[in-house]
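Protein sequence lines correspond, in order, to chains A and B.
Sequential numbering from 1 applies to the first sequence in this note's numbering.
Sequential numbering from 1 applies to the second sequence in this note's numbering.
Hints should not be assumed to be uniformly reliable.
To be verified - What follows is a list of derived Cβ distance ranges for each label pair:
1) E341(A) to T342(B): 25 to 31 Å
2) L497(B) to T131(A): 33 to 39 Å
3) A499(A) to G347(B): 25 to 31 Å
4) T352(B) to P494(A): 49 to 55 Å
5) E78(B) to R132(A): 54 to 60 Å
6) G11(A) to T352(B): 52 to 58 Å
7) Q380(B) to E341(A): 50 to 56 Å
8) E379(A) to R396(B): 57 to 63 Å
9) R227(A) to Q430(B): 16 to 22 Å
10) G347(B) to T131(A): 29 to 35 Å
Please keep in mind that the hints were generated in silico from the structure rather than gathered at the bench.
None of the values given here were measured: they were computed from a predicted structure.
Backbone N, C-alpha and C define an ideal beta-carbon position, used for all residues, glycine too.
Number of protein chains: 2
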Amino acid sequence: MSYHPVLLAGGWRPAQASGSFRAENPATGELLPDEFPISAWADCETALAAATQAAYLLRQTPPASIARFLNGFADRIEARKVELVEAAHAETALPKAPRLAEVELPRTTGQLRQAAAVVLEGSWALPTIDTRLNIRSLLGPIGPVLIFGPNNFPFAYNGVAGSDFASAIAAGNPVIAKAHPCHPLTSKLLAEAACAALLESGLPLTAVQMLYHLAPEDGVRCVTDRRLSAIGFTGSRAAGLKLKAAADAVGKPIYLEMSSLNPVLILPGALAERGAKIAEELAASCLLASGQFCTSPGLTVLIASHEADNFIADVKARLEGASIPPLLGSGVARNLAASVETLRQAGAELLTGGVPLAGNRFANTLLRASGEAFLAAPEQLQTEAFGNASLIVVVRDAGEAAQVLEHMEGNLTGSIYSDTRGGDDPLYAQLAPRLRARVGRLLNDKMPTGVAVTAAMNHGGPFPATGHPGFTAVGFPAAFRRFAMLQCFDNVRPHRLPAALQNQNPHGSTWRLIDGTWSQQNIPS
Amino acid sequence: MSYHPVLLAGGWRPAQASGSFRAENPATGELLPDEFPISAWADCETALAAATQAAYLLRQTPPASIARFLNGFADRIEARKVELVEAAHAETALPKAPRLAEVELPRTTGQLRQAAAVVLEGSWALPTIDTRLNIRSLLGPIGPVLIFGPNNFPFAYNGVAGSDFASAIAAGNPVIAKAHPCHPLTSKLLAEAACAALLESGLPLTAVQMLYHLAPEDGVRCVTDRRLSAIGFTGSRAAGLKLKAAADAVGKPIYLEMSSLNPVLILPGALAERGAKIAEELAASCLLASGQFCTSPGLTVLIASHEADNFIADVKARLEGASIPPLLGSGVARNLAASVETLRQAGAELLTGGVPLAGNRFANTLLRASGEAFLAAPEQLQTEAFGNASLIVVVRDAGEAAQVLEHMEGNLTGSIYSDTRGGDDPLYAQLAPRLRARVGRLLNDKMPTGVAVTAAMNHGGPFPATGHPGFTAVGFPAAFRRFAMLQCFDNVRPHRLPAALQNQNPHGSTWRLIDGTWSQQNIPS
Numbered sequence: 001m002s003y004h005p006v007l008l009a010g011g012w013r014p015a016q017a018s019g020s021f022r023a024e025n026p027a028t029g030e031l032l033p034d035e036f037p038i039s040a041w042a043d044c045e046t047a048l049a050a051a052t053q054a055a056y057l058l059r060q061t062p063p064a065s066i067a068r069f070l071n072g073f074a075d076r077i078e079a080r081k082v083e084l085v086e087a088a089h090a091e092t093a094l095p096k097a098p099r100l101a102e103v104e105l106p107r108t109t110g111q112l113r114q115a116a117a118v119v120l121e122g123s124w125a126l127p128t129i130d131t132r133l134n135i136r137s138l139l140g141p142i143g144p145v146l147i148f149g150p151n152n153f154p155f156a157y158n159g160v161a162g163s164d165f166a167s168a169i170a171a172g173n174p175v176i177a178k179a180h181p182c183h184p185l186t187s188k189l190l191a192e193a194a195c196a197a198l199l200e201s202g203l204p205l206t207a208v209q210m211l212y213h214l215a216p217e218d219g220v221r222c223v224t225d226r227r228l229s230a231i232g233f234t235g236s237r238a239a240g241l242k243l244k245a246a247a248d249a250v251g252k253p254i255y256l257e258m259s260s261l262n263p264v265l266i267l268p269g270a271l272a273e274r275g276a277k278i279a280e281e282l283a284a285s286c287l288l289a290s291g292q293f294c295t296s297p298g299l300t301v302l303i304a305s306h307e308a309d310n311f312i313a314d315v316k317a318r319l320e321g322a323s324i325p326p327l328l329g330s331g332v333a334r335n336l337a338a339s340v341e342t343l344r345q346a347g348a349e350l351l352t353g354g355v356p357l358a359g360n361r362f363a364n365t366l367l368r369a370s371g372e373a374f375l376a377a378p379e380q381l382q383t384e385a386f387g388n389a390s391l392i393v394v395v396r397d398a399g400e401a402a403q404v405l406e407h408m409e410g411n412l413t414g415s416i417y418s419d420t421r422g423g424d425d426p427l428y429a430q431l432a433p434r435l436r437a438r439v440g441r442l443l444n445d446k447m448p449t450g451v452a453v454t455a456a457m458n459h460g461g462p463f464p465a466t467g468h469p470g471f472t473a474v475g476f477p478a479a480f481r482r483f484a485m486l487q488c489f490d491n492v493r494p495h496r497l498p499a500a501l502q503n504q505n506p507h508g509s510t511w512r513l514i515d516g517t518w519s520q521q522n523i524p525s
Numbered sequence: 001m002s003y004h005p006v007l008l009a010g011g012w013r014p015a016q017a018s019g020s021f022r023a024e025n026p027a028t029g030e031l032l033p034d035e036f037p038i039s040a041w042a043d044c045e046t047a048l049a050a051a052t053q054a055a056y057l058l059r060q061t062p063p064a065s066i067a068r069f070l071n072g073f074a075d076r077i078e079a080r081k082v083e084l085v086e087a088a089h090a091e092t093a094l095p096k097a098p099r100l101a102e103v104e105l106p107r108t109t110g111q112l113r114q115a116a117a118v119v120l121e122g123s124w125a126l127p128t129i130d131t132r133l134n135i136r137s138l139l140g141p142i143g144p145v146l147i148f149g150p151n152n153f154p155f156a157y158n159g160v161a162g163s164d165f166a167s168a169i170a171a172g173n174p175v176i177a178k179a180h181p182c183h184p185l186t187s188k189l190l191a192e193a194a195c196a197a198l199l200e201s202g203l204p205l206t207a208v209q210m211l212y213h214l215a216p217e218d219g220v221r222c223v224t225d226r227r228l229s230a231i232g233f234t235g236s237r238a239a240g241l242k243l244k245a246a247a248d249a250v251g252k253p254i255y256l257e258m259s260s261l262n263p264v265l266i267l268p269g270a271l272a273e274r275g276a277k278i279a280e281e282l283a284a285s286c287l288l289a290s291g292q293f294c295t296s297p298g299l300t301v302l303i304a305s306h307e308a309d310n311f312i313a314d315v316k317a318r319l320e321g322a323s324i325p326p327l328l329g330s331g332v333a334r335n336l337a338a339s340v341e342t343l344r345q346a347g348a349e350l351l352t353g354g355v356p357l358a359g360n361r362f363a364n365t366l367l368r369a370s371g372e373a374f375l376a377a378p379e380q381l382q383t384e385a386f387g388n389a390s391l392i393v394v395v396r397d398a399g400e401a402a403q404v405l406e407h408m409e410g411n412l413t414g415s416i417y418s419d420t421r422g423g424d425d426p427l428y429a430q431l432a433p434r435l436r437a438r439v440g441r442l443l444n445d446k447m448p449t450g451v452a453v454t455a456a457m458n459h460g461g462p463f464p465a466t467g468h469p470g471f472t473a474v475g476f477p478a479a480f481r482r483f484a485m486l487q488c489f490d491n492v493r494p495h496r497l498p499a500a501l502q503n504q505n506p507h508g509s510t511w512r513l514i515d516g517t518w519s520q521q522n523i524p525s
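Using the sequences and the hints given, assemble the complete structure.
Shown next as structure tokens:
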């Protein structure tokens, strides 16, 4: 049988395979024609050895070369846009336009180019210099990084092209990408573009490697291997927690994005003032990409009232009237059905939907629970129903709302809608600090589903949304810092220092904390 | 029986004790007169509940009040200097002068005052503002922090006064300190000073709490309690790993400083040029505080030569001729003897010392192993012998040196001595990148035992020296960032933003990344 080759140790080569697989057309359930290998441990071994060498070479590579690679990679992706969109559509059933061609692909190339600009500017590493003691430090490369990409963004979070990839390379590290088995051909095309860009940029060819699929135990073995320095993972909580346990046991940084309900709290004044408009926003946000966004609003909290009941009826009607595209894969549909069942068992009432439909689809689903029910089973009622389903929790009063927020797990986002005339402000003051402590991004009067790729973005949050509340997966320069270690140089001779720590500011552009003051100046020699 | 009270929920009160203990005079082994409680879980419960409330109050406390507390605390410590030095000397046997009175106490007050200045300046939180999208973020308070202090620095790393404490408070978090049972009276005096400073500063009185001692299982239970947000720990690897496992299982940030051999690599040119001077530096560094520093040089690597043999003989003679003060406690002496025995069993030859002496002392100890022996048992030969013992590994050649470095665990520091005329530079180029990847602070021509409290310091490093290579325990502002979470405010109304993210720069002093450029300017409203 002929498989697609893997990208290892500087080139495409036949895999040492333990088996093979084909991706599924989610809309029909039929297997796609291309056959891909499941790599055996021998491929991981090759990747780890090559990445170790690449890490030493990359430490000597100037930031300009890394930036050239990132920009060139973006160009190469654009040059193959038609092919990429075709492949991703076949493998994910996501619409070619606007989603894949006009939103996700430009976002991906935009991320790579933003990362290139931030690498060149250089301040991301927080270079810090104490001239009197001649102690200097910065955030420097951590070493080989393994990146697991998710199923829901074939371009923008792909292990070989997405934000984790851009961050790890930008920080000066080689990447071993583990593609998601839902979209292997898309990943292969992206890896080909990366390869071409490597050749042109002067980076070691071993700086980027890719495997399509692995046995779970080999994934764990890679994570614990002493040659690997850090891990990026986007995917399910179950898989993420297994990798986290393995990484934790050997004290290795692992950055996970696992699950999030993205609670939306709608205060009474807002409901009275503009309930219909918010209902429209909530329904639209829930159904974006069939709810298969990490920031999909899975849990809304309302204080019981006549307006709250009207609001719920309105959202229900909107969900019932909306179209139902296929989900990303048959696994997603199965998990969604199981999660909705868990919510019902835990005391949530099914208002609409809850049933699988032909063509790998699931009826748009809305559930309702009381604050009392939530507080009786907070863990079960925070089960993530990844897909087009959402739960509304109706609490008795502000005090119960506070209790619900205090029992909330860590989330990527939390939104609060309040009236525009300040009537909700006392309630906001009481509840916002509780939500603030449990989310990475706090929104006002806005649904969480737009994740802007910008410096101030935080696409992160407390456990179990991620593994560490200090970091973000989206937004440069902050996202780079996940794949860096703090490197101090104490009395190190000038010619041995990294360029960013030498007396001369490398391009004049880098901000450095010199003797307590941020500055772009050179240090007099 | 009358115990000293604990500092809980805003004041001194009798402990809910499961037992009691007395500290030991390390020089005589006799128990000191004061009786201290071992807190039962009820005290932890009280502390966690009070810290939760304190966390909400601290979020509304202006940075100026936090700075006032840190400065006032430093003043109060100085006012009680004689008493503090007396207590610490009785409990640790460390010399009153210069060590306690002239070095460690001023370092401690200096840390608190530096932290105050950095809080006021405000840039540590990396405020980031995208005006076009109105997305703003900063590193904000993470919530209640539990700090475990170590035995070896009764002031500068004390859970209720040291660098972890200053960092956690500076970042806006309440602290629950777990004092080290080796120096409870010192800790009580420090906590009294903290209390007095709280009263004057306007901080909630519950912002600082302290327990003297806990059952290990209650420590673990605290770590996993949902009301606790982060943990700082300095101590033994065994205790640290237990707490780390507990924190990891619930996805909670824990910053550990556990153990470090601080390898010193002396290249042949340096040995030929100034071997005697380096031998003097090494012996002095090994014996500083009887080797009871986290940065004590526990492992030296030499390439075999006649000069190397002379160097070893020189170090041995210096250790044999040096005085031998008592160790910090009988536990330290027992562990040191056991570690030296482990090293011998693993193939290290005892050159001198290796025997316990009267008065809780241990003979100054030097061991030697070949590179081959090291590579045959790298784990055992990296056993930390905390105290006045050190191992020299003599490798065959540069290739074997590279292998030894590649088998090195994570360390706080790594030093390389090279000749002053560039003869060692090729060897440096080959070996330094390998050491760089395994240490937090790389030194040239300098022993690791001085840890300057300065912005560029990194007192951190890869596992198992710490739990995460991106952070430092010493040096502000970087050390603050351990006890912070990334907080994004997306479309949040202006009056609800933290001061550092409002259009007006709070004091005009804070550097903020505004639309990609670092600036101290206001944003036009």
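Here is how each hint holds up against the structure:
1. E341(A) to T342(B): 25 to 31 Å: 55 Å, violated
2. L497(B) to T131(A): 33 to 39 Å: 36 Å, holds
3. A499(A) to G347(B): 25 to 31 Å: Hint violated: Cβ distance 42 Å, outside 25 to 31 Å.
4. T352(B) to P494(A): 49 to 55 Å: Given range 49 to 55 Å: violated, Cβ gap about 39 Å.
5. E78(B) to R132(A): 54 to 60 Å: 24 Å, violated
6. G11(A) to T352(B): 52 to 58 Å: Taking Cβ atoms as reference, G11(A) and T352(B) lie about 55 Å apart, which means the hint holds.
7. Q380(B) to E341(A): 50 to 56 Å: With a Cβ separation near 53 Å, Q380(B) and E341(A) satisfy 50 to 56 Å, so the hint holds.
8. E379(A) to R396(B): 57 to 63 Å: 58 Å, holds
9. R227(A) to Q430(B): 16 to 22 Å: Holds, since R227(A) and Q430(B) (Cβ atoms, about 19 Å apart) stay within the stated range.
10. G347(B) to T131(A): 29 to 35 Å: 45 Å, violated
Of the numbered hints given earlier, the model fails hints 1, 3, 4, 5, 10; all others are met.
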